[in-house]
Amino acid sequence: MKLLLKNREMLLVVAIIALLVLIAVRFPPFVAPGNLANVYNDTSILIILALGQMAVILTRCIDLSMAANLALSGMAAAMLNAAFPGLPVPLIILVAVALGAALGSINGLLVWKLDIPPIVVTLGTLTIYRGLIFLLSGGAWINAHQMSDAFKALPRATLLGFPLLSWLSLVIIAIMVVVMRRTPLGRAFFALGGNPHAAVYTGIDVGRTRFLAYCLSGTLAGLSGYLWVSRYAVAYVDIAAGFELDIIAACVIGGVSIAGGIGSVGGAVLGALFLGVIKNALPVINISPFAQMAISGMVIIIAVAVNARAEKRKGRVILRKAEAAHG
Amino acid sequence: MADVQTIARHIPDRLESRGARLIKSWETLLVAVALAIFLVNSFASPYFLDPWNLSDATFNFTEKAMIAFAMALVIISGEIDLSVASIIALTSTVMGYAVQLGFDTPALVLIGLTTGLLCGAFNGLLVTGLALPSIVVTIGTMSLFRGLSFLILGDQAFTGYPASFSWFGQGYVWWVFSFEFCLFVALAVIYGIVLHKTNFGRAVYAIGNNQTAALFSGVRVGRVKFVLFLLTGLMAAIASICLTARLGSTRPSIALGWELEVVTMVVLGGVNILGGSGTIPGVVLAALIMGMVTFGFGLLNVPGIVMSIFIGLLLISVIALPILYRRFRGRRSH
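Chains A and B are the protein sequences, given in the same order.
Numbering follows this note's numbering, in which position 22 of the first sequence is assigned residue number 22; successive positions increment by one, without gaps.
If you count the second sequence from 1, you need to add 327 to reach this note's numbering.
Careful, some of the hints might be misleading.
Covered by chain B, per the in silico footprint, the following chain A stretches (three or more residues, Cβ under 8 Å) [to be verified]:
hint, region
1, 181-191
2, 271-280
3, 285-291
4, 301-307
Computed spacing ranges between beta-carbons, pair by pair [stated by the list, open to error]:
hint, chain 1, residue 1, chain 2, residue 2, range
5, A, L136, B, R654, 28 to 36 Å
6, A, D205, B, Y424, 49 to 57 Å
7, B, T355, A, D238, 50 to 58 Å
8, B, V629, A, L22, 33 to 41 Å
Because the hints were derived from the structure by calculation, they are not lab data.
Beta carbons are placed, not taken as given, at the ideal position from N, Cα and C, and that holds for glycine.
Working from the sequences, and respecting the hints, build out all of it.
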């Protein structure tokens, strides 16, 4: 049991299962496999975004512009589709991803080359990217009937019984696991977050690594932009407004330390799923959907308090060992 | 060894004279920017220089600036409070609820201020009591406070505030000077004195520069930070009273996104986002600049969202330019 509680991911799994049991008591059909698959599918975009945010937070930075980046890339994809319905969808996705990566690299360059604090940079680009959507679209909406069928169908297409959106998020999770655990870049994220000075002496270019983290979060935001717009079949200036906080919340709940260097792909995914389960469960167990914001706020505060305790304990153990060595 | 000589040498307190420092200071740059914007505005629109128009323009920034003063202190001490806009929403909702119960203006103000103080105390307890990072805590309370407001109001709105209450947002003290503007000036003076002339202000700088050193030199770090979060809650409540009185109604989405504008104002005012430095005059100037830009663009029929692009660019460029300038000078001198 102690071992179980010490492992963050296991703790989250237990929390999610407890949550599901509570919901099942009130509304049993919620935990039917088919519905759980729907909940996963509904959370897919949040999972993808949380993984990008995790990479950035690991390097002691933060990306507040992800939702605005998503909205701008999504609007660009939707407008491209509305203007040239014949354009193949993969090409549109490529444009959205490239645009997202470019917007992310702007954040990265400002942090890397000008040494501006990340929170200031992304606070600025958050408002700039949002404003650019207005300039791009003139404030107009792109509605479902203006989008081609192929454009809207892709995330909904099923493969082996599951929507492509779910598969895509699984693929991205797999890629991120490999990047984080098996590549020099992934190790650099952790090393830099753990101790930037030590990272420099081990030959890691701090600025460049941060730049790459922002490129990664931007790329995933661009991809999510297409997914969001095609899934909800609408694009306007304010889509995903405020979603940047949900993304950060998913990371915090998942045990990603805001101080950098601590976190895991599994944690971020579970953190996003935790929020996804709450969001999908509230309407079916007759709790006002207006309560969702307050509940996720409470969850964030509790999660960060639990995280801090876990991190503190680690420090104490090291100290005790050192004392023992001296004695 | 014996013939080592000690030569008395004057070491100046400051490397530059007072005047030279003043000319190179951030505040001087802000004054120049403010003057430039003022001139451009008065040429661009014939309606800009009308005293009543200018008076109307002050409402663009007074409420945000009140919060910015307290936020400046929080940021100088190395923390941040992203929940201010949500405190506005919750305070306004609680006051609206009190109106339904039949409370009158003095009680409403008292209830509003208490709500703000409680919110601030909650933030302060989490940050100082549990030693949690303020950025995450206040992202959480930002959701929580506005979430409570949504929970109470849903998609409804509170209206029917007493006529005497609306004076806080619509009343004028003398000629074109509104109550809000006078309050803004008074608070600017108070915060200026607190930050620059009192022990408390020194403690705020000390904590922001080196928290451990501050602790060892006898500064009660936890208590000072707690007071700072209390102050931010109080300022958000005062802003909420003004805003609610001005609008005459409360919706859960009131003041949405203001936290970013307040932080922008503080950073634009020359406060280091990493803590340790910044001045109240700088924040006042930044408030004036942001207010004038918004008002000038409004007169030229520029949509609000385009203004936000400008504010975003302003935020990044005012921080980037000095860095680029220093780098350029550094390169030349080598």
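Looking back at the numbered hints, which does the structure fail to meet, lowest number first?
1, 2, 7 and 8
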